[in-house]
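Please build the complex by placing chain Y on the supplied structure of chain W, with the hints as guidance.
From first to last, the protein sequence lines are chains W and Y. Just so you know, we're using my numbering here: the first sequence kicks off at 489 and counts up by one. Just so you know, we're using my numbering here: the second sequence kicks off at 910 and counts up by one.
Estimated spans, in silico, between C-beta atoms of each pair: (1) W/P585 x Y/R967: 17 to 23 Å; (2) W/H498 x Y/A972: 35 to 41 Å; (3) W/N559 x Y/A1001: 25 to 31 Å; (4) W/Q506 x Y/R967: 41 to 47 Å; (5) W/L599 x Y/T961: 47 to 53 Å.
In case anyone wonders, no lab produced these hints; they're calculated from the structure. Quick reminder that beta carbons are idealized off the backbone N, C-alpha and C, glycines included.
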Amino acid sequence: DAGVTQSPTHLIKTRGQQVTLRCSPKSGHDTVSWYQQALGQGPQFIFQYYEEEERQRGNFPDRFSGHQFPNYSSELNVNALLLGDSALYLCASSLLPGPQYFGPGTRLTVL
Amino acid sequence: DAKTTQPNSMESNEEEPVHLPCNHSTISGTDYIHWYRQLPSQGPEYVIHGLTSNVNNRMASLAIAEDRKSSTLILHRATLRDAAVYYCILRASTGANNLFFGTGTRLTVIP
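Chain Y extracted, bound-state conformation:
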C-alpha cells in the first residue's frame, strides 16, 4: 500500500485557517486520498476524500496537487472542537476499502 507522510504535530490559533499537509509521492493513478480525524476518546471520523480535483464539504476543503504527490486539508476556521489527530490515507478505488492509518498529525487549537 502506498505510504503517506504527515508532520507529527501542528498548532493553530482559534478562528484561523489551518492547512494540514500530506505527502504521497508513490500514489497510484487509481488511489483516492482520504482524510479522517480522531477526536480524543472517540473512533475516527470521515472528513473528506478526492481523486484529482479539489473538493469542498461542510467540514473542510481538500486541495490536491496537480501531480497528485501531495495534498492539503484545509480547515477554514479552526475551533477548539477541531483539536484531533488527522490522518491522510490512500485508498484503492477497487476491491476492499480497508484503510491503512499512519500516525497522523496531532492538531492543537490555541484559544
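Only chain W is shown next, with the shape it has when bound in the complex:
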C-alpha cells in the first residue's frame, strides 16, 4: 500500500501565477482533505472533498479551489498567488469516520 502521495514535492512560482497540486489517497479511502502549513505553525484546514463535491471549507479565499476525481484523487488549485501563499500544502485521506492519513506535502514557494 503506497499510502497518500502528493506531487510535486517542491514548486517555485512568482506572484500572480496559478498553481495546481495533486494528491492520490490511500487505497480504500474516499475522502480527501487539504491543509496549509506555514512555517512554525500547525496545519490549517482548507477544504474537504467527498463524492467529488466540496463537503466543508475552512477560512480561505475563493482563490483556493479544488476538485476530486472519480478515482478519489484530488487537485488543489490556487490562483493569483501571493507571497503569503508560500507554505507546505498537505493532503490527507480518510474513510469516514476513521482517522486521516497525511501525505508528505508539497512545498510551495512564491517569489
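Chain Y alone, transformed into the frame defined by chain W:
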C-alpha cells in the same frame, strides 16, 4: 470548534515514559479526542484517539479524565524517533472530519 491547550515544549530522556498533557475544558459530549504527531519534514501522523475510556495501541496510550476536560498521551519508552510536535485535537463524531490543529507540543528526546 472546541479548543485545546497544550504546553509549547517538553523534554524527556530516552527510554523513559513521557506524559503529554492536553486541556479541553469546552469539549462537547460527542467530541472525540485525537492525537497526531509531526516528525521533522513529514506530514502529520495519526497516533491514537478516544471518546471516554482509556485507549491503548502499539504507539501509545491515551488517558482521558473522568470529566473529559483533559487528557494525557503516554509514550511508554521514548526513543529518539519520537521527537516530534504532538497535536491534541477535538473532532466531532458526525459530519466532516476535518481537523483543527493548534500549535502542539514540541517533544525533545535527550539521548
